[in-house]
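Using the sequences and the hints, build the whole thing.
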Amino acid sequence: MAYKTVIGLEIHAELLTKTKIFCSCLAEFGKEVNTHCCPVCLGFPGALPVLNKKVVEYCIRAGLALKCEISNKSRMDRKNYFYPDLVKGYQITQYSNPLCKNGYIKINTKDGDKKIRIKRIHIEEDTGKSVYDEKGNILLDYNRSGVPLIEIVTYPDMNSPEEARIFLEKLKAILQYIEVSDCKMEEGSLRCDININVIDEETGIKSTITEVKNLNSFKAAVKAMEFEEKRHIELLEQGKNTLKETRRWDENRNETVVMRVKETVEDYRYFPEPDLVYIEVDENWIKNIKENLPELPEDKKERFIRDYNLPEYDAKVLTSSKKLADFFEETVKISNNPKQVSNWLMGDILGWLNVKNMDISEIKFTYKEFADLLELINEGKISNNIGKKVLKIMFEEGKNPKIIVKEKGLLQMSNASELERIVDKIMEENKQSVEDYKKGKEKVLGFLIGQVMKATKGKANPQLVNKIILEKLRQ
Amino acid sequence: MDLINLTIHELRDLIRNREVSSEEIVKSFFSRIEEVEDKVGSFITLTKEKALEDARRIDKKIKEDITSLSDLAGIPVGIKDNIVTEGIKTTCGSRILENFIPPYDATVVKKLKLNGAIIVGKTNMDEFAMGSSTENSTFKITKNPWDLNRVPGGSSGGSAAAVSASEVPYALGSSTGGSIRQPAAFCGVVGLKPTYGLVSRYGLVAFASSFDQIGPLTKDVEDCAIVLNSIVGFDKKDSTSVDNDSIDYTKALIKDIRGLKIALPKEYFDNRIDSKIKEKVLDAVKTLEKLGAKIDYVSLPHTEYALATYYTLASSEASSNLAKFDGVRYGKRAKNYNGVEELIVKTRTEGFGDEVKRRIMIGTYFLSSSHYSEYYKKAQKVRTLIIRDFEKVFNEFDVIISPTTPTLPYKIGEKKEKFISMYLSDILTVSANIAGIPAITIPCSYIDDLPVGMQILGKAFGEEDILSVAYTYEKNSNFQRRAPKIKEGIKNGI
Ligand SMILES: [Zn+2]
Chain B
0 MAYKTVIGLE
10 IHAELLTKTK
20 IFCSCLAEFG
30 KEVNTHCCPV
40 CLGFPGALPV
50 LNKKVVEYCI
60 RAGLALKCEI
70 SNKSRMDRKN
80 YFYPDLVKGY
90 QITQYSNPLC
100 KNGYIKINTK
110 DGDKKIRIKR
120 IHIEEDTGKS
130 VYDEKGNILL
140 DYNRSGVPLI
150 EIVTYPDMNS
160 PEEARIFLEK
170 LKAILQYIEV
180 SDCKMEEGSL
190 RCDININVID
200 EETGIKSTIT
210 EVKNLNSFKA
220 AVKAMEFEEK
230 RHIELLEQGK
240 NTLKETRRWD
250 ENRNETVVMR
260 VKETVEDYRY
270 FPEPDLVYIE
280 VDENWIKNIK
290 ENLPELPEDK
300 KERFIRDYNL
310 PEYDAKVLTS
320 SKKLADFFEE
330 TVKISNNPKQ
340 VSNWLMGDIL
350 GWLNVKNMDI
360 SEIKFTYKEF
370 ADLLELINEG
380 KISNNIGKKV
390 LKIMFEEGKN
400 PKIIVKEKGL
410 LQMSNASELE
420 RIVDKIMEEN
430 KQSVEDYKKG
440 KEKVLGFLIG
450 QVMKATKGKA
460 NPQLVNKIIL
470 EKLRQ
Chain D
0 MDLINLTIHE
10 LRDLIRNREV
20 SSEEIVKSFF
30 SRIEEVEDKV
40 GSFITLTKEK
50 ALEDARRIDK
60 KIKEDITSLS
70 DLAGIPVGIK
80 DNIVTEGIKT
90 TCGSRILENF
100 IPPYDATVVK
110 KLKLNGAIIV
120 GKTNMDEFAM
130 GSSTENSTFK
140 ITKNPWDLNR
150 VPGGSSGGSA
160 AAVSASEVPY
170 ALGSSTGGSI
180 RQPAAFCGVV
190 GLKPTYGLVS
200 RYGLVAFASS
210 FDQIGPLTKD
220 VEDCAIVLNS
230 IVGFDKKDST
240 SVDNDSIDYT
250 KALIKDIRGL
260 KIALPKEYFD
270 NRIDSKIKEK
280 VLDAVKTLEK
290 LGAKIDYVSL
300 PHTEYALATY
310 YTLASSEASS
320 NLAKFDGVRY
330 GKRAKNYNGV
340 EELIVKTRTE
350 GFGDEVKRRI
360 MIGTYFLSSS
370 HYSEYYKKAQ
380 KVRTLIIRDF
390 EKVFNEFDVI
400 ISPTTPTLPY
410 KIGEKKEKFI
420 SMYLSDILTV
430 SANIAGIPAI
440 TIPCSYIDDL
450 PVGMQILGKA
460 FGEEDILSVA
470 YTYEKNSNFQ
480 RRAPKIKEGI
490 KNGI
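Residue numbers (numbering that gives the first Met the number 0), protein chains in the order written: chain B, 0 to 474; chain D, 0 to 493.
For the record, the hints were derived by calculation from the structure and aren't laboratory data.
Careful: at least some of the hints might be erroneous.
Claimed, not checked - Computed list of lysine-lysine pairs in PhoX-like fashion (alpha-carbon distance at most 25 Å, straight line):
id : chain 1 : residue 1 : chain 2 : residue 2
1  : D       : Lys376    : B       : Lys78
2  : B       : Lys355    : B       : Lys169
3  : D       : Lys334    : B       : Lys128
4  : B       : Lys128    : D       : Lys345
5  : B       : Lys17     : D       : Lys88
6  : B       : Lys183    : B       : Lys128
7  : D       : Lys380    : B       : Lys134
8  : B       : Lys78     : D       : Lys356
9  : D       : Lys277    : D       : Lys391
10 : B       : Lys355    : B       : Lys289
11 : B       : Lys100    : D       : Lys376
12 : B       : Lys286    : B       : Lys261
13 : B       : Lys78     : D       : Lys334
14 : B       : Lys388    : B       : Lys430
15 : D       : Lys380    : B       : Lys72
16 : B       : Lys78     : D       : Lys377
17 : B       : Lys52     : D       : Lys484
18 : B       : Lys134    : D       : Lys345
19 : B       : Lys72     : D       : Lys235
20 : B       : Lys380    : B       : Lys363
21 : B       : Lys315    : B       : Lys218
22 : D       : Lys88     : D       : Lys26
23 : D       : Lys49     : B       : Lys72
24 : B       : Lys72     : D       : Lys377
25 : B       : Lys222    : B       : Lys355
26 : B       : Lys128    : D       : Lys331
27 : B       : Lys53     : D       : Lys235
28 : B       : Lys322    : B       : Lys53
29 : B       : Lys222    : B       : Lys66
30 : B       : Lys261    : B       : Lys128
31 : D       : Lys88     : B       : Lys78
32 : B       : Lys134    : D       : Lys331
Unchecked claim - A few chain D residues that face chain B, going by a derived Cβ cut-off under 7 Å, partial list only:
id : residue
33 : Ala105
34 : Gly202
35 : Ser368
For clarity, every value in this text was computed on a predicted model and none was experimentally measured.
Ideal Cβ placement from N, Cα and C applies to all residues, glycine included.
Encoded structure:
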């Protein structure tokens with residue numbers, strides 16, 4: 000039987016504003032608990048929210064980048080519920096009238112291009128954070144209370160976990176490009192909820208939509224979707240249906256587990272936030288934000304293909320993150336060999352980042368130092384292979400490649416007379432091989448070169464060694 | 000010298016002429032408080048030591064430089080206990096905030112302090128400003144200084160009684176549906192609810208955000224203008240506040256009202272209003288007519304829906320505004336509980352009084368998704384109609400005049416359990432809060448030794464209009480500044 004999977008996503012992205020959404024407390028992550036708090040973000044009696052204009056600007060920026068319509072007049076609403084990390088007994092959000100509506104992201108799937116429609120993007124405040132200690136006490140940290148968020152809600156347009164992954168990666172790249180969020184999932188600045196069900200394509204029977212909450216990595220999100228997809232199909236095959244429930248991903252058990260079964264719809268008693276005035280956005284403001292929008296990944300990819308003559312694959316990888324693309328472009332400005340830069344970036348550098356589980360922004364050396372490394376290679380001062388070794392040291396110690404090469408004595412030996420002496424010595428030690436060559440065993444050449452490289456600890460210029468040995472053998 | 004019966008401007012003049020020091024003034028008022036507070040019960044918290052200290056500091060300043068002195072410098076004030084004061088307990092008349100000491104000042108308090116005002120204490124109120132009699136305070140029942148068996152009105156009853164009983168020359172109150180004007184009328188003082196947004200709400204513990212406004216309770220109209228001057232102004236901490244602070248409201252205190260057009264809404268003089276009160280207010284209107292004002296009857300056709308609209312919207316907002324009192328961060332927390340949910344439920348069960356619970360429950364009901372359109376949304380629409388009613392009248396008239404209350408102050412306990420009948424005491428005042436327009440009450444007569452209030456409403460930001468009418472009437476009548484005789488040996492409490 001054939002099943003169609005239907006996936007919709009709700010993504011929360013924390014905005015990169017300096018201050019919180021309704022007060023002037025710093026919105027920074029990772030500070031000592033409960034140090035960035037004031038009467039407003041703690042919801043003290045009498046305190047009133049005042050909307051941070053930057054938050055509106057960032058939300059519009061995201062809306063424009065995701066091809067949304069921007070509402071000229073919108074407002075904030077209250078969503079009422081009780082929770083200890085919720086300071087006011089309600090969360091200020093947008094409900095009936097979001098700032099951005101009806102956008103989309105085009106993704107590239109194995110079946111071709113596909114539009115994933117975005118229903119809405121709205122502004123809201125983050126809540127505090129509950130931490131449980133060993134005794135089961137709830138400890139509360141309100142530093143995050145009032146940190147601005149945007150919530151991006153898609154239509155259920157994705158039909159596989161793979162499509163959802165592509166969508167999420169693209170969305171993350173766009174948000175990073177336009178610098179509204181750093182999208183660090185491990186710091187909770189990008190979180191995602193999944194709505195998923197499957198449809199039996201023959202009978203038209205649908206499984207009940209399950210919500211999986213708070214996925215904090217793409218890997219977990221994909222695994223959760225795969226798990227749910229399978230679970231839904233299995234249940235339908237047994238003639239059962241799924242329950243209307245909210246689940247969460249259990250990292251240790253590698254499965255989703257039930258958080259709560261929704262018997263009734265939760266009533267949040269939304270109503271217009273009376274402490275805030277309407278958000279009015281005039282066309283000029285939108286125009287201004289649009290004009291100052293940076294180049295988006297799709298456009299950048301096209302430009303990379305055009306201007307740097309890169310294969311589409313390279314351009315796609317390099318523009319998948321703004322920081323990677325910037326690193327590429329800055330390096331090319333100096334070293335002027337786009338394909339070489341691309342090869343190194345996509346090969347060794349991404350490889351190391353992957354191994355070390357690091358982001359390009361955390362790299363210890365600068366694009367200038369990377370360009371220096373390429374220069375050393377291009378000028379023949381070190382070989383490609385030595386270059387790779389130097390790069391490894393750069394990753395670990397963050398030193399300038401020129402200094403590394405000098406300190407470790409890795410400079411390529413290109414002195415012909417010196418190399419000749421070494422070649423003579425090797426030939427002397429391997430007389431049998433020389434004889435074999437002369438009898439027509441050309442393979443021996445490689446062995447002799449290898450011996451020279453070994454003797455010079457890889458520093459000898461291989462082309463030159465090749466040339467000298469050949470000359471000597473032909474004598 | 001009997002300082003306690005003087006107004007702000009009279010005390011100010013004495014200070015400026017160096018005839019009296021702030022310390023002397025503050026001491027006089029505290030001895031008055033000691034004399035009558037037991038009977039009246041205006042205050043929840045008194046801050047005598049701090050007040051005397053502040054007074055001495057002001058006196059020092061006065062000695063150095065008298066020219067830059069504000070009108071309020073060195074003069075005592077009482078602050079309604081739902082306006083937060085740094086370091087001073089702010090209870091909102093509720094068990095749930097019994098021991099809450101705010102870490103910050105409300106903007107109005109900050110402004111008063113900058114002007115050198117001396118805070119003597121926090122005045123009693125209906126719990127979270129919900130009520131019209133100050134019987135709903137957790138801590139005490141405030142008595143009407145004119146008759147200690149009667150209520151002072153509410154919810155700013157403590158502020159009104161404190162001014163009326165000369166425990167302070169003026170006080171701040173707050174109004175959501177009439178909570179400044181109604182107690183001012185019951186206690187025979189002047190009370191003003193400014194235009195919504197004219198005075199910052201930052202630091203006013205919210206009851207219903209779209210209605211709440213802070214305003215002064217004073218002995219006369221001039222004082223009212225003086226206090227208004229010092230508390231108005233745009234506040235970047237309150238995005239609903241407006242920039243209108245270049246006006247000097249004392250300049251509106253002129254006695255010329257020739258050609259002024261006064262509207263009398265027939266709905267405000269109907270048979271729900273005590274006929275003796277109507278008579279007295281119409282007498283006052285005649286006085287204004289004699290002084291050159293033009294009078295005509297008008298209709299505010301949606302008046303009959305005002306009370307329902309008010310209770311629907313205000314309770315809805317209140318149910319949400321009061322959700323923050325959950326025992327997690329501050330205030331009272333229930334002692335024994337299992338888990339978070341029980342902590343919140345028990346804290347709120349123990350912490351809130353009946354009236355507050357009643358409003359939270361009806362507000363929650365109105366906002367629930369299955370009833371939202373039926374109640375909240377419909378009430379919003381009626382609110383718009385009520386606003387239009389006023390706009391129509393103000394296209395032709397300068398001010399609207401009516402009685403402030405439908406009855407004279409009633410006996411303590413008389414309406415305690417008949418809350419619908421108590422809600423009706425706001426019937427003449429709620430519309431101004433619904434429409435956000437300014438309204439003032441001034442004493443215009445006495446019936447059986449109980450004060451009668453006349454209400455003057457103006458268009459949005461028309462404070463100058465209503466102040467000038469109020470001032471003209473005050474100067475041309477002899478009802479203002481009658482002081483109640485607080486009787487000895489009265490039965491205290493109920
Ligand atoms: Zn804050």
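Okay, the hints, checked on the actual structure:
1. D:Lys376 <-> B:Lys78: holds (16 Å)
2. B:Lys355 <-> B:Lys169: holds (23 Å)
3. D:Lys334 <-> B:Lys128: With a Cα-Cα distance of about 24 Å, the restraint between Lys334 of chain D and Lys128 of chain B holds, given a limit of 25 Å.
4. B:Lys128 <-> D:Lys345: holds (23 Å)
5. B:Lys17 <-> D:Lys88: violated (34 Å)
6. B:Lys183 <-> B:Lys128: This hinted pair holds, its Cα atoms lying about 17 Å apart.
7. D:Lys380 <-> B:Lys134: With Cα atoms ~52 Å apart, Lys380 of chain D and Lys134 of chain B exceed 25 Å; violated.
8. B:Lys78 <-> D:Lys356: holds (20 Å)
9. D:Lys277 <-> D:Lys391: Distance ~24 Å between Lys277 of chain D and Lys391 of chain D Cα, so the pair holds.
10. B:Lys355 <-> B:Lys289: Violated - the C-alpha atoms of Lys289 of chain B and Lys355 of chain B are around 37 Å apart, more than 25 Å.
11. B:Lys100 <-> D:Lys376: holds (24 Å)
12. B:Lys286 <-> B:Lys261: Roughly 43 Å separates the two Cα atoms, so the pair is violated.
13. B:Lys78 <-> D:Lys334: violated (29 Å)
14. B:Lys388 <-> B:Lys430: The hint is violated at about 33 Å.
15. D:Lys380 <-> B:Lys72: holds (19 Å)
16. B:Lys78 <-> D:Lys377: It holds: about 20 Å lies between the C-alpha atoms, which stays within 25 Å.
17. B:Lys52 <-> D:Lys484: With a Cα-Cα distance of about 56 Å, the restraint between Lys52 of chain B and Lys484 of chain D is violated, given a limit of 25 Å.
18. B:Lys134 <-> D:Lys345: At roughly 22 Å apart (the allowed maximum being 25 Å), Lys345 of chain D and Lys134 of chain B satisfy the hint.
19. B:Lys72 <-> D:Lys235: holds (21 Å)
20. B:Lys380 <-> B:Lys363: Roughly 23 Å between the alpha carbons, so the hint for Lys380 of chain B and Lys363 of chain B holds.
21. B:Lys315 <-> B:Lys218: Holds. Lys315 of chain B to Lys218 of chain B sits at ~20 Å (cutoff 25 Å).
22. D:Lys88 <-> D:Lys26: holds (22 Å)
23. D:Lys49 <-> B:Lys72: Outside the cut-off at roughly 48 Å; violated.
24. B:Lys72 <-> D:Lys377: holds (22 Å)
25. B:Lys222 <-> B:Lys355: The hint holds at about 22 Å.
26. B:Lys128 <-> D:Lys331: Within the cut-off at roughly 22 Å; holds.
27. B:Lys53 <-> D:Lys235: holds (16 Å)
28. B:Lys322 <-> B:Lys53: Holds. Lys322 of chain B to Lys53 of chain B sits at ~23 Å (cutoff 25 Å).
29. B:Lys222 <-> B:Lys66: violated (29 Å)
30. B:Lys261 <-> B:Lys128: With Cα atoms ~24 Å apart, Lys261 of chain B and Lys128 of chain B stay inside 25 Å; holds.
31. D:Lys88 <-> B:Lys78: Violated. Lys88 of chain D to Lys78 of chain B sits at ~30 Å, over the 25 Å cutoff.
32. B:Lys134 <-> D:Lys331: Holds. Lys134 of chain B to Lys331 of chain D sits at ~24 Å (cutoff 25 Å).
33. Ala105: For Ala105 of chain D, the interface hint holds, since the closest Cβ of chain B sits about 6 Å away, which is under 7 Å.
34. Gly202: This interface hint holds because 4 Å falls under the 7 Å limit.
35. Ser368: holds (5 Å)
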